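Below are the chains, spelled out letter by letter.
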Amino acid sequence: MKMPRFSRKTLCIPYAVFLVFFVIVPMLVILFYAFTDKNMHISFQNFIRFFSDPTKLSTIVYSLVIALITTVVCLVIAYPVAYILARSKMKKKFVILMLFVLPMWINFVLRVNALRELFNLLSGLEGLEGLGSANYFKTVFGMVYDFLPFMILPLYTTMLKIDKSLYEASADLGANAFTTFMRVTVPLSIPGIMSGVTMVFLPSMTNYVVSDMLGNAKVTIIGKFIYEYFGTDWHMGSMVALVLLIVVFISTWLSGGFKSEENVRGTTI
Amino acid sequence: MNRKSLLSGCLKAAFVGLVLLILYAPILLLAIYSFDKTDMIGRFEGFSLSHYAALFSDSKVLGMIGNTFLLAFVAALLSTLLGTIGALGMFYCKKRIKGAIHAVSQIPVINAEIVTALALAITFVAVGFGKSYFTLIIGHMVICTPFVVLSVMPKLKQMDNSLYEAALDLGASPFKALRKVVLPQIIPGVISGFMLAVTLSLDDYIVTVYTRPTGFETISTYVFNATMKGNAHTAATLSSFWALTTIIFLVIVLFVVISNLAGIRRKGAKK
Chain A
1 MKMPRFSRKT LCIPYAVFLV FFVIVPMLVI LFYAFTDKNM HISFQNFIRF
51 FSDPTKLSTI VYSLVIALIT TVVCLVIAYP VAYILARSKM KKKFVILMLF
101 VLPMWINFVL RVNALRELFN LLSGLEGLEG LGSANYFKTV FGMVYDFLPF
151 MILPLYTTML KIDKSLYEAS ADLGANAFTT FMRVTVPLSI PGIMSGVTMV
201 FLPSMTNYVV SDMLGNAKVT IIGKFIYEYF GTDWHMGSMV ALVLLIVVFI
251 STWLSGGFKS EENVRGTTI
Chain B
1001 MNRKSLLSGC LKAAFVGLVL LILYAPILLL AIYSFDKTDM IGRFEGFSLS
1051 HYAALFSDSK VLGMIGNTFL LAFVAALLST LLGTIGALGM FYCKKRIKGA
1101 IHAVSQIPVI NAEIVTALAL AITFVAVGFG KSYFTLIIGH MVICTPFVVL
1151 SVMPKLKQMD NSLYEAALDL GASPFKALRK VVLPQIIPGV ISGFMLAVTL
1201 SLDDYIVTVY TRPTGFETIS TYVFNATMKG NAHTAATLSS FWALTTIIFL
1251 VIVLFVVISN LAGIRRKGAK K
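As given, the protein sequences belong to chains A and B, one line each in that order.
The first sequence: position 168 = 168 (the numbering used here), numbered continuously.
Count along the second sequence from 1, then add 1000; that gives the number in the numbering used here.
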């Protein structure tokens, strides 16, 4: 009796099955719930209700603005940091990079709690009383604080890959430092910018933990809706989730498909 | 070095230093007040290790810490197993199948965590699974496994494929060849995948909340609820988590220092 020859391809079966059951099926379930009513009849009512409610729409706009500001601030801080580290001749620059990543080992809820305590302390100081009620500022600050590593890492990895001789060539051809930066560094770091932006933008639209803890529960973002609907109305919750899912697919598609090379967390360790 | 480049060097160092200072300021604040007598931040009332004592004696707190770390370990272990085997299989599959699996595998990576969590929770309840340790572990595996695959894949690509063929020619069974030849070459990717999975699981809040069985508390779920409620009882527990934050922070610092020293020694040995 001859055993059928073992094929290495069959090793992908367990993972494929896992993905079908726990990634694809749940997405289909959400799709189903989003377009059914309480009696499980097909209905577009959730869709209409969601998009005709002015408070929902204004929350979406708020969320987008918060996410946009967070992303821009992260980029403005992370870009110079990544650039300085990537171009530094220091031997220990990897250790400094680690210092930006390692706070992630402390659960983000604990870190945001720490930030909340810091804000409480600061708002007790003279001249800073306004901080106590600056809910939107604190929310954005907290999001930047939490998501900054996700922006620094992909930028650093892409910048490190830039061929050093390009800088020299640029200088030889008479470009000054600024021109070199604008015409060599920036264009070549665009993949890093893209993956950093996608990694920051989406969580800052949905991570309601940060906005709840720092915004005195006065700041509502889209993620909070899903949380609230989970207790009351799965159909509406699924509709909100579906909207977010579509946003994800569009933004991934715009930023050049499912690329994983510059993936942030992938380069963490 | 001329004066201009010295100045720009100082400016660069100052900028990076300032960003790091802001990142670590809240953690340092907690670290200082974790040695304070009271549960309040603001005035230092006197040095005391009471928060540390509470951390190691309160069974509720210890239970939550145990839950958090055990969950991270089990989820990471299973994710690493599933992800490594999956990556191996995908690597040898036809391009189209590989591409399809890879695309689906990327969904939890790019998706908002709350969407993943909600979808899983609704599915589990709708199917009649309810919520149990099983669903909790599955939830964590969904967010961790794709990252294991992502960290094993590059190692497979770097691998010399003819070694596997050679092992088969020399009479090794396919399984033995995988274990003895392929696995040692991809093990760095497997280890970093495992570490990554632990980090992701430890840092998680949202998936845990949606898939956990009732009564199961991790550090993050407790701290969030306690912060939002904010009464005297939770303040005492929260302050013992300051002590925990400080300990994790010290472990991190130690890790950086040791890996730094190890790097120096390795370089010295090479010379």
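Because the hints were derived from the structure by calculation, they are not lab data.
This structure is a prediction, so every number in the text was calculated from the model and none was measured.
One or more hints might be untrue.
Just the calculated beta-carbon pair ranges, DEER-fashion [to be verified]:
hint, chain 1, residue 1, chain 2, residue 2, range
1, B, 1008, A, 164, 42 to 50 Å
2, B, 1188, A, 52, 49 to 57 Å
3, B, 1235, A, 164, 52 to 60 Å
4, B, 1260, A, 133, 17 to 25 Å
5, A, 39, B, 1225, 49 to 57 Å
6, A, 7, B, 1008, 56 to 64 Å
7, B, 1094, A, 177, 17 to 25 Å
8, A, 182, B, 1162, 44 to 52 Å
9, A, 250, B, 1095, 22 to 30 Å
10, B, 1251, A, 92, 14 to 22 Å
11, B, 1260, A, 126, 39 to 47 Å
Glycine included, C-beta positions come from ideal geometry on N, C-alpha and C.
May I ask which of the numbered hints given earlier this structure violates, with the numbers listed in increasing order?
Failing hints, ascending: 1, 4, 5, 7.
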